[in-house]
Amino acid sequence: MPKASVGTLYRGHEGMWTWVAHRITGVAVFFFLLVHVLDTALVRVSPSAYDAVIATYKTPIVNLMEVGLVGAVLFHALNGIRIILVDFWSKGTRLQRQMTWTIVAIWLVLMVPGAYFMLIHTVENLFGSTS
Amino acid sequence: MSAPALNAPKTARSGGRTNYEMWSWVFMRVSGIVLVFLVLGHLLIMNILDGGVQRINFAFVAGRWSSPFWQVWDLLQLWLAMIHGANGLRTIINDYSERDQTRFWLKAALLTATVFTIALGTLVIFTFDPNIS
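In order, the protein sequence lines correspond to chains V and Y.
Numbers 1 to 131, taken from our numbering, label the letters of the first sequence in order.
Numbers 1 to 133, taken from our numbering, label the letters of the second sequence in order.
Bound-form chain V, shown alone (with noise of 0.2 Å):
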């Protein structure tokens, strides 16, 4: 027998987690949304303006960040698709915990291959590679 939590289901569970990272997740890109609007924006200014901005986009630092904002919006994404299965499928309330688990190892298994090709070029710029 779990110990009595303090008479709740939600609190310190995988739901109340989800719910926080959900929105975390969504204010953060919302802000990026900002931006990434107003740089591909200089497209209507020049080629060398814009360019000159999405220069910074290549440089390591931004590149990691580059790999925080795919990582962010994947979650949102998967979250999303449970919440909706959670909303309309009968068995959705009673899978919610397996579902999440279920949407972190998918998270995981997209984000090892997709953090290896953002930053291969990045790693091979650091510390040299021979070809």
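Hints in this document: simulated from the structure, not taken from any laboratory.
Note that the structure is a prediction, hence the values are computed from the model and not measured.
Each residue gets a CB set at the ideal place from its N, CA and C atoms; glycine is no exception.
Any given hint could turn out to be false.
Derived list of chain Y stretches under chain V, where covered just means 3 residues or more per stretch with a C-beta under 8 Å from a C-beta of chain V [to be verified]: (1) 22-34; (2) 41-53; (3) 83-90.
Sample of chain V residues with no beta-carbon within 10 Å of chain Y, all distances over it, derived [stated by the list, open to error]: (4) Ile61; (5) Leu64; (6) Trp89; (7) Ser90; (8) Gly92; (9) Arg94; (10) Leu95; (11) Gln96; (12) Thr100; (13) Thr102; (14) Val104; (15) Ala105; (16) Val123.
Listing some non-contacts, in silico: residues in chain Y with all C-beta distances to chain V over 12 Å [said to hold, decoys possible]: (17) Ala8; (18) Phe104; (19) Lys107.
Could you slot chain Y onto chain V? The hints should help.
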């Protein structure tokens, strides 16, 4: 045995506000599903395949926006993501800001940023000129 009668509601629903929050709830789910495809596709192409961000420059953008398919993709993505995100932030503002004044000004700032960004992005997609000097 009949079910106990319920009292009539004390306040009638004010007319005009027809289930705004329900449609907002529906919109989040419908736009969310469409955005899963649009945004994950966008990230896969732009950030992961074929060198990712390293290969992006003005010429790359010009090549993509020469096709109506990617113009429509980006336009739809812009509108849905901005409205989906703004509606999410509206929920968060409602949750955490307690004073009416604070809530009003945060929402005013959110609306301004959202309208500006959608307008700017739309303008850029429709007026893009690959031969700009």
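Outcome of the hint check:
1. 22-34: Three-residue rule met by the stretch 22-34 of chain Y, so holds; n is 3.
2. 41-53: Contact hint for the stretch 41-53 of chain Y vs chain V: holds, 7 residues under 8 Å.
3. 83-90: holds (count 4)
4. Ile61: Since the minimum Cβ distance to chain Y is about 13 Å, Ile61(V) lies beyond 10 Å and the statement holds.
5. Leu64: 12 Å, holds
6. Trp89: 13 Å, holds
7. Ser90: 17 Å, holds
8. Gly92: 13 Å, holds
9. Arg94: 20 Å, holds
10. Leu95: Its Cβ never comes within 10 Å of chain Y, the nearest being 18 Å, so this holds.
11. Gln96: 16 Å, holds
12. Thr100: 17 Å, holds
13. Thr102: Its Cβ never comes within 10 Å of chain Y, the nearest being 16 Å, so this holds.
14. Val104: With a cut-off of 10 Å, Val104(V) remains clear of chain Y, as the shortest Cβ separation is near 17 Å.
15. Ala105: 17 Å, holds
16. Val123: 12 Å, holds
17. Ala8: 31 Å, holds
18. Phe104: 20 Å, holds
19. Lys107: 14 Å, holds
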